[in-house]
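Chemist: Dock chain to chain to rebuild the complex, using the hints, since each chain is given by itself in its own frame.
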Amino acid sequence: MPALGADMDAGTLTEWLVHPGDQVEKGDIVAIIETDKSTVEAECFDSGTIGELLVEPGTRVPVGTALATITMAAPVSAPVPAAEPHRPKPPEPEPEPEPAPGARVPSARPRTRRAPREAPGPGGGRRPPPAPKVSSPLVRHLAHQRGVDLGEIEGTGPSGEITRADVEHAAPARVKASPLARRLAAELNVDLATVTGSGYGGAIRADDVRAGAKAARPAARLDRGEPRPAEGPAADRLESMRQAIARAMARSKREIPHYYLTSAIDLARAMDWLRRRNRRLPVEDRIIPSALLLKAAAVALREVPRLNGFWADDGFVPADRVHLGVAISLRDGGLIAPALHDADDLPLADLMAGLRDLVARARTGRLRGSELTDPTITVTNLGDQGVESVHGVIYPPQVALVGFGAILDRPWAVDGLLGVRPVVSATLSADHRATDGRTGGCYLQAVDRLLQRPEELS
Amino acid sequence: MTPDEARKMIEEVLADIVPGTDFTALDADADLRESLELDSMDFLTFVTALSDGSGRRIDEDDYPRLATMSAGVAFLTEED
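Protein chains in written order, with numbering that gives the first Met the number 0: chain A, 0 to 457; chain B, 0 to 79.
Chain B on its own, in the form it takes in the complex (with noise of 0.2 Å):
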């Protein structure tokens, strides 16, 4: 995947999560958990969905990589 296909995947998804999130806005490096008042329950929905689009598996032990917009992107680029 690259950078743009894995930026593209996760403002999808939280688009869905949080719609009528304006991402120019949004800080590439902002926690993002913070900035769009995702809940625990957002955050499990957001890891779900990326790891349904990238199909590779997200540990709990990964949750802090996928942080801020920069960390996710990095993440989900990474080679296996």
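So that you can see chain A by itself, here it is in the shape it has in the complex (with noise of 0.2 Å):
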């Protein structure tokens, strides 16, 4: 059972997808895991065979439990060793304090206890496949709106490339769905053209993709008398996150000296940028102020790598990749802050779209168990709700925490003349055995920097 947090100590298998004997790549989804917090898609990180499934789907279990055997796709295929649960005390009161990666996917594989975060190896499967043939994040991001395969699909551009025309060509009968719907049909393995629709002139609405995939599925899970249904605002889920949420927060309070600071920034041109830049594109290639302020947050521990990383036996360990955490807010109560890989590096649509992924998938449900454990460092950004600034609580052991308030028309003294403009109050909780105030003021005035030439954001 992986460590999909530091506030997770058990999990429920809920489903197996793979059976014993069938071959699997480093990165494939091998089973699906329900934690206090959500239910989470779990990665393997061996490729090889299934050997055994240990676990039988609806079994609670103490994070570290073995829960198959993989045989190694190496010359000599030896059988890991199984079935040992290699958490060697009891449950202890407290959760690990690193969310150790050895024992993020099922398998037997002992925890690594020291280093906290293994790079990423090639074949992680997190980056996507680079898409060579294609040269527009635009054209990638129909793409995979429609759910075409680049891979699959001829390119008609002037030397090879993919174009939007060429992706439109590939996906022409577009089912009357909302992009809700899309998006869940997609998660689901529903296939929209045997949905009815009972939207407006027979569009597919989300309840009819949820009313598809339960006839599809029969209710597997509620046979094994489980007492928690999957899906639902069930009370007792609400109840377990709140619980897993004060874990790790009175955890953070108990441990991380926190140190806070703040900036108010100016983002008049930022957000010029932004509209002249949205009026040209369809409605949903627009990019949303939030978008610009994670791509800035992220460039921004270029700068300064100290805020970005863990805090470990008694030191502060680098993270060689940056992953946000974003914060997102689930409809019935509670919280959750899944990475968006490599959020420095994305360029700026890409970001906007994996970000609308990462919200849909955090709000159905169906996060990947790398994206809980993955975050180097969270955002959490209250704008939306017209809260002016906030001074967010760590989440261990991650040494350092950004928050975005409401952009609001503020008066501005510019050249000595009073104006108005929109400013954002940017905060920054870091902890204090990691950095100092002068390390996290440096990252505030990054951030700073970076939001007044948004051109190079993009």
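Among the clues, some could well be false.
To be verified - Computed, partial: chain B to chain A, Cβ under 7 Å:
#1 D38
#2 S39
#3 M40
#4 L43
#5 V46
#6 T47
#7 S50
#8 E59
Keep in mind that the hints were calculated from the coordinates and are not lab data. By construction, the Cβ of each residue, glycine as well, lies at the ideal position given by its N, Cα and C atoms.
Modeler: If you want it as structure tokens, here you go:
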């Protein structure tokens, strides 16, 4: 049972997606796990053949319990030593101080206690494979929206690249469906063509997809008399999420000496640039200000890497990539902060698409295990609620949390004159064991400077 | 589009974004973002779906005209 975050000490295996004898690749989704906070797609971290499934669906087991055996894809295939729960001690009252990567995936591999972060190696399945023949992120986004596999189609562009028209040609017959229904269908593996729409003009709505998914897949989960169905805002689910948040936040405030900094940042240029950019684009390609703020927060970490990483075993362990944990509030209460992988490297359009996808999956309860374990820093944005500024609580073992408030028109002095500018309050909560205020100050300055040149963030 | 069709479309789009919404309890002049707790991502999804459904282009400058149910119905039913 992988440790999907500092606040998790047990999980319920709800469904196996593989059978003994199946070939699996590193990064494949092999099982569905339910934690106190969400339903998670668990990824495999080795390639090989599934040996034995050790845990029955519906069983709740402590973190560290072996779920299955994998025969490695090595020339001499030797079974991984199985079935030895490698949490040697009885579950401690406190969760482990770091998301031990060794325990991340159903496998009997022993946990690596040091090095809280394994450099996701080649084939880690996190970075989308490069799509060599596509130059425009908009085309990639469109392909993603329509479920077109770019590896499968021929490009007709000047040098063979795939154009918007090629994607549209590949997926011309667009079933009428709401964007949410479309996403849901992709997640639940429902073919939209088989669903009857009850919406306006026969359009398929999210509820239709849910009904379709139920019809296609009999409720296997419920057959087992599982106490907690995977869907619906069950009260005990909310309660257990509350408990998980309580544990992590109490531990943070107990262990982490926080310090807090605030900067007011003039967003006149950024908002103007966004407005001009969005005016040229169809609605679905527009960028919201939050995405630009996230990008700036990520890129600034390259300048101040000491805020990006983990506090483990009395020392700071830097992360070599920037995986932004994005705090997403769930509709029926609760909060989750899954990773937007390599946010500093993503073109803005891709970051926006990634954010949209992440929010949708966080709310429909289909995140991947790596998204819960990978964040190297968290960003919280309460601006939509009109909150002026937020001084957040660090999610251990991370060492910093960035907060953005609402973008508000404020009186602002420029060259000795008073004007009105859109201003955001950016805050940093940081772990004083890892950094001092000066480092934090450099970071907020970098965020400010980046937001004054928004075109360079695109 | 008639006002009834516009209202139905808005309700369906919103029901997809915020499942379980009781529209009979929604004041036609209440701010949708506030009363349904829509964040900016939700609002963009809302606009995208309305644009798809009605076939008309909705610019960012039009967003204030979708702030409430009654404003949205008026916007969608007006002649281009």
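Chemist: Now, for every hint given, state plainly whether the structure supports it.
Modeler: Hints, one by one, checked against the model:
1. D38: This interface hint holds because 4 Å falls under the 7 Å limit.
2. S39: With a minimum Cβ separation of about 5 Å from chain A (threshold 7 Å), the hint on B:S39 holds.
3. M40: Given a least distance of 5 Å, the restraint on B:M40 holds.
4. L43: 6 Å, holds
5. V46: Holds, because the Cβ-Cβ distance from B:V46 to chain A comes to roughly 5 Å (cut-off 7 Å).
6. T47: Given a least distance of 5 Å, the restraint on B:T47 holds.
7. S50: This interface hint holds because 5 Å falls under the 7 Å limit.
8. E59: The hint holds - B:E59 has a Cβ within 7 Å of chain A, the shortest such distance being about 5 Å.
In the structure shown, no violation is registered for any of the earlier numbered hints.
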